[in-house]
Amino acid sequence: MKNFSRHLIKKVGIMLLTLWLIITCTFFLIHSLPGSPYVNQEKLTPAQLEILNRQAGLDKPLPEQYLIYFKNLARGDFGTSFQFKNQPVTKLLLNRVGPSVQLGFQAILTGTVMGVILGMISAMRQNTWVDSIVTIIAILGRSIPNFVFAVILQYLFAVKLSIFPIALWGKFSYTILPTITLAMAPMANSARFIRTEMVEVLNSDYIELARSKGLSHWQIACRHGLRNSLIPLITLLGPMAVSLMTGSLVVENIYAVPGIGEQFVKSIITNDYPTIMAITILYSAMLIIILFVVDLLYGLVDPRIRVTGGERLAA
Amino acid sequence: MKSRQSSLTIGLVLILSLGLLLAACGGSQANNGSPEVSQPSPGGTPSSSAPQAPATVPDASGESSNDLAAAQEITIALSQELNSIDPIVAVDSNSSSAQNNIYEGLYRLDAQARPIPAGAKALPEISADGLTYTIQLNENARWSNGAALTADDYIYAWSRAIAADNAAENQQFFTYVKNADKIISGELDISELGVRKIDDYTLEIAMEKPATYFTSVLVSTPFFPLSPGYVESQGAAFGSDSDHAIYNGPFILTEFSGPGIGADWVYVKNDTYWDKDNVILEKINIKVVKETGTAVNLFSVGEVDQIGIAGEYAQNEINNPAFVSANASTLAFLGYNHTSELFKNKDAREAISLLIDRGAVATNLLGDGSAAATGITPYNLQAHPVTGEDFARTLGDYVYTDVERAKELWERARGDLGITTVALDIISFDSDRMKTVGAYLQGLLEENLTGVSVNLNITPVSVFMENAKKQDFSLYLVTWGPDFSDATSLLELFESASGNNWGLYSNPDYDAALRAANNELAIDAVGRWDKLQEAERIILTDFGVSPIFFQSTALLRNVKLKDIIYHTTYPIYDYKSAYLVN
Numbered sequence: 001m002k003n004f005s006r007h008l009i010k011k012v013g014i015m016l017l018t019l020w021l022i023i024t025c026t027f028f029l030i031h032s033l034p035g036s037p038y039v040n041q042e043k044l045t046p047a048q049l050e051i052l053n054r055q056a057g058l059d060k061p062l063p064e065q066y067l068i069y070f071k072n073l074a075r076g077d078f079g080t081s082f083q084f085k086n087q088p089v090t091k092l093l094l095n096r097v098g099p100s101v102q103l104g105f106q107a108i109l110t111g112t113v114m115g116v117i118l119g120m121i122s123a124m125r126q127n128t129w130v131d132s133i134v135t136i137i138a139i140l141g142r143s144i145p146n147f148v149f150a151v152i153l154q155y156l157f158a159v160k161l162s163i164f165p166i167a168l169w170g171k172f173s174y175t176i177l178p179t180i181t182l183a184m185a186p187m188a189n190s191a192r193f194i195r196t197e198m199v200e201v202l203n204s205d206y207i208e209l210a211r212s213k214g215l216s217h218w219q220i221a222c223r224h225g226l227r228n229s230l231i232p233l234i235t236l237l238g239p240m241a242v243s244l245m246t247g248s249l250v251v252e253n254i255y256a257v258p259g260i261g262e263q264f265v266k267s268i269i270t271n272d273y274p275t276i277m278a279i280t281i282l283y284s285a286m287l288i289i290i291l292f293v294v295d296l297l298y299g300l301v302d303p304r305i306r307v308t309g310g311e312r313l314a315a
Numbered sequence: 316m317k318s319r320q321s322s323l324t325i326g327l328v329l330i331l332s333l334g335l336l337l338a339a340c341g342g343s344q345a346n347n348g349s350p351e352v353s354q355p356s357p358g359g360t361p362s363s364s365a366p367q368a369p370a371t372v373p374d375a376s377g378e379s380s381n382d383l384a385a386a387q388e389i390t391i392a393l394s395q396e397l398n399s400i401d402p403i404v405a406v407d408s409n410s411s412s413a414q415n416n417i418y419e420g421l422y423r424l425d426a427q428a429r430p431i432p433a434g435a436k437a438l439p440e441i442s443a444d445g446l447t448y449t450i451q452l453n454e455n456a457r458w459s460n461g462a463a464l465t466a467d468d469y470i471y472a473w474s475r476a477i478a479a480d481n482a483a484e485n486q487q488f489f490t491y492v493k494n495a496d497k498i499i500s501g502e503l504d505i506s507e508l509g510v511r512k513i514d515d516y517t518l519e520i521a522m523e524k525p526a527t528y529f530t531s532v533l534v535s536t537p538f539f540p541l542s543p544g545y546v547e548s549q550g551a552a553f554g555s556d557s558d559h560a561i562y563n564g565p566f567i568l569t570e571f572s573g574p575g576i577g578a579d580w581v582y583v584k585n586d587t588y589w590d591k592d593n594v595i596l597e598k599i600n601i602k603v604v605k606e607t608g609t610a611v612n613l614f615s616v617g618e619v620d621q622i623g624i625a626g627e628y629a630q631n632e633i634n635n636p637a638f639v640s641a642n643a644s645t646l647a648f649l650g651y652n653h654t655s656e657l658f659k660n661k662d663a664r665e666a667i668s669l670l671i672d673r674g675a676v677a678t679n680l681l682g683d684g685s686a687a688a689t690g691i692t693p694y695n696l697q698a699h700p701v702t703g704e705d706f707a708r709t710l711g712d713y714v715y716t717d718v719e720r721a722k723e724l725w726e727r728a729r730g731d732l733g734i735t736t737v738a739l740d741i742i743s744f745d746s747d748r749m750k751t752v753g754a755y756l757q758g759l760l761e762e763n764l765t766g767v768s769v770n771l772n773i774t775p776v777s778v779f780m781e782n783a784k785k786q787d788f789s790l791y792l793v794t795w796g797p798d799f800s801d802a803t804s805l806l807e808l809f810e811s812a813s814g815n816n817w818g819l820y821s822n823p824d825y826d827a828a829l830r831a832a833n834n835e836l837a838i839d840a841v842g843r844w845d846k847l848q849e850a851e852r853i854i855l856t857d858f859g860v861s862p863i864f865f866q867s868t869a870l871l872r873n874v875k876l877k878d879i880i881y882h883t884t885y886p887i888y889d890y891k892s893a894y895l896v897n
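Residue numbers (this note's numbering), protein chains in the order written: chain V, 1 to 315; chain D, 316 to 897.
In short, the hints are calculated from the structure, not lab data.
Possibly wrong hints are sitting among the right ones.
Pairs of lysine to aspartate or glutamate, EDC-like flavour, derived with a Cα cap of 20 Å [what the hints assert, rightly or not]:
| id | chain 1 | residue 1 | chain 2 | residue 2 |
| --- | --- | --- | --- | --- |
| 1 | V | K91 | D | D556 |
| 2 | D | K785 | V | E50 |
| 3 | V | K91 | D | E570 |
| 4 | V | K171 | D | E618 |
| 5 | D | K784 | V | E50 |
| 6 | D | K875 | D | D382 |
| 7 | D | K497 | V | E50 |
| 8 | V | K171 | D | E570 |
| 9 | V | K91 | D | D558 |
Given the structure is predicted, the values throughout are model-derived calculations rather than measurements.
Generate the whole structure from the sequences, applying the supplied hints.
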């Protein structure tokens, strides 16, 4: 137990260090981008630019700006957006991250469940036409970009069949098409992954034992095969979940979802420093925490990887 | 080399910060909301193409009222969020159009871009020297909380706009008002601003120098009034959402959850508006839809009444009865680097200009309602003070194509300069239209001019600006929208001293003509018009820049939705007079 808490403290320390490194690198890199964050910068005179810079604190030397930024950050102040006038970045993000997280969560859930089922069927019916079809689905799901899915689904189910809304944000029904679109990649990934894992597991010795105990084909698959294959899937799901929950520019645009995907990309193009920083911090923090949780879960689920005297670090 | 460094930095940042987020994005389609140099971001709601019918509201008792739809509610899709509802920081087309519908300044623009009284009772009384404007205020004007609108509200708003701690991107609008520049730079106290209250309903403006077009400038959002009591009571919360503002325009804003947050909002008819009898629409729902394809789908099923379209979508829909092409108001032009030996040579500039087939660019390449440029000043920007004729249409024929002559001129320039091959850098900023036209120019120059190779460098606007300001280019391709309804707004761009004269074009005759128009002749409307035309002819015959096309905004609009006014300058569109028919 002592080992474990020491491991935990060290782990948290490394996490904070990682976050600090990311913040620092991003801070200096974005400030080295050409241009200014003002909307109509091409029409500003040098004198005006000077006043605006002074007001925004952009006239100070970069290291000083960096210290100020950190001081504010420690107070939980992420600054004010340039692009959206007088809007605190914290409020901006808190209000827009909801739809992105909801869609990401729904997508990862749907995608993984579907993927696991498909992967299982595929492994159980290895080298049959069922297997081939699942493989084809998985390859298509992985290789077709999601904006193609988005456009096709929208045209088919919303414009032609009028089953779901075309776009915009409202009731649950508005989330279905974007969820399906975003679920394609996790579905394909987990289907392929589960198939490979299960085929391997099903050929292990202990499966032979289970079989000799008289368990049915499907019982073996669920109790032994699936459980053992799910463990490595966790590592795959963590980062995927983060990337889905932080919003997808294209899917959010096509379905007119008020998420943060587009805001991030636009903030970079417009040099909206505080917004870039805040989204980067949000994204990295989520990723770091999820990786940490995955690491812990991994140890809990699989005793073979549990921390002993030494330690194991997540990649 | 510089541009490579910048793109390297950008690349690093993108990789570091975007990571997986972008990996999932595939091919993002630059929407019409992408930043364009001073281009009023489209997706807005300009109105029908020229010739434009006067936007008269059907008389309540007149015949046309029988056609009015029972439910006066419309839904409009925009491609951008609302950036701000604080007038002093409205710098984009969306914000300024929104604010023009919920607030109102001294004047509004009518369908012909002429200022008409709104917050003022009549057009200003201008002193003989053009230096003093006396404006009687409209005593019926009210705030949405019922309070009267007085001279104090204007003085407060203007002082707030130029106060040092409010330094906003809009301050240049105040340069006409006496002492404004000195206050902004901190030399004078805010109380020295050249505006004073004669009585509650009379305002006097002292000018820094005469400018006949100042009344048109007064329609801009930074000149909108604000209620000092209300704004001060809200503190930092002012304008943070629709509940933290009061309105004096034809509509009031509701259901807006804040700049950048709200992806939809609603305008509701303002019952305290002085001219409410001439406002017919009861409710306007705005939805932010960034993807043109999605907007087209929503429009096709009737969920929205108006959308902005561009590129291929516009080309496909051009025969749709719902297709509307707004006045082509923004100039797209090719600028030369006048510090380079090559483009100091007039033959070289003329050769390039004569190659460009502007009609083909507008109709075949863009095909979205844009028009071939006939000069620098777009159509419907300025009308003759006496005859009412359009500036652009009376200028004469100075922009034309002659490929054979272009080739001759090019050979002559090559001979004179003693060059055999030349590599040209065309810089432009990231937008669909600029990419299309840039690629066309690249092909055109390489094909027709001996020894020319063209490198087309299209970057985000901030990178473009960096290169442009350092003259790190041979040619630059940009769009530029006028700030106010006067040719000066575009022509001053190429004055020797202009900070935005990136090609460093310098012609004493041109400068003198412009100076005469805006100084000696500042209050002689006709003499001024002639000088402005002279200036434009000087730069066109000197091939100082080469206009290419007048960019229009294309949209699909419910054929039953009438009389949305479109302006060539900010605020782009006005719903005050709009209505639905059966």
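20 Å limit on alpha-carbon distance, applied to hinted pair K784(D) and E50(V) = With a Cα-Cα distance of about 16 Å, the restraint between K784(D) and E50(V) holds, given a limit of 20 Å.
Take the C-alpha atoms of K785(D) and E50(V), compute the straight-line distance between them, and say whether it is at most 20 Å.
holds (18 Å)
K875(D) and D382(D) were given as a pair; does the straight-line alpha-carbon distance stay at or below 20 Å?
holds (10 Å)
Q. Is K171(V) close enough to E570(D), meaning Cα to Cα at most 20 Å?
A. Satisfied, since the Cα-Cα distance of roughly 17 Å is no more than 20 Å.
**Report entry** Restraint check for K91(V) with E570(D), where alpha carbons must lie at most 20 Å apart
**Finding:** Given pair K91(V), E570(D) holds - Cα atoms ~17 Å apart, limit 20 Å.
K91(V) and D556(D): Cα distance at most 20 Å?
-> With a Cα-Cα distance of about 12 Å, the restraint between K91(V) and D556(D) holds, given a limit of 20 Å.
Holds or violated: K497(D) and E50(V), Cα atoms, limit 20 Å.
At roughly 15 Å apart (the allowed maximum being 20 Å), E50(V) and K497(D) satisfy the hint.
Check the hint pairing K171(V) with E618(D) against an upper bound of 20 Å on the C-alpha distance.
holds (16 Å)
Notebook entry, point to check: Between K91(V) and D558(D), is the straight-line Cα distance small enough, at 20 Å or below?
Noted result: holds (16 Å)
Hint check: no violations occur; every hint is consistent with the structure.
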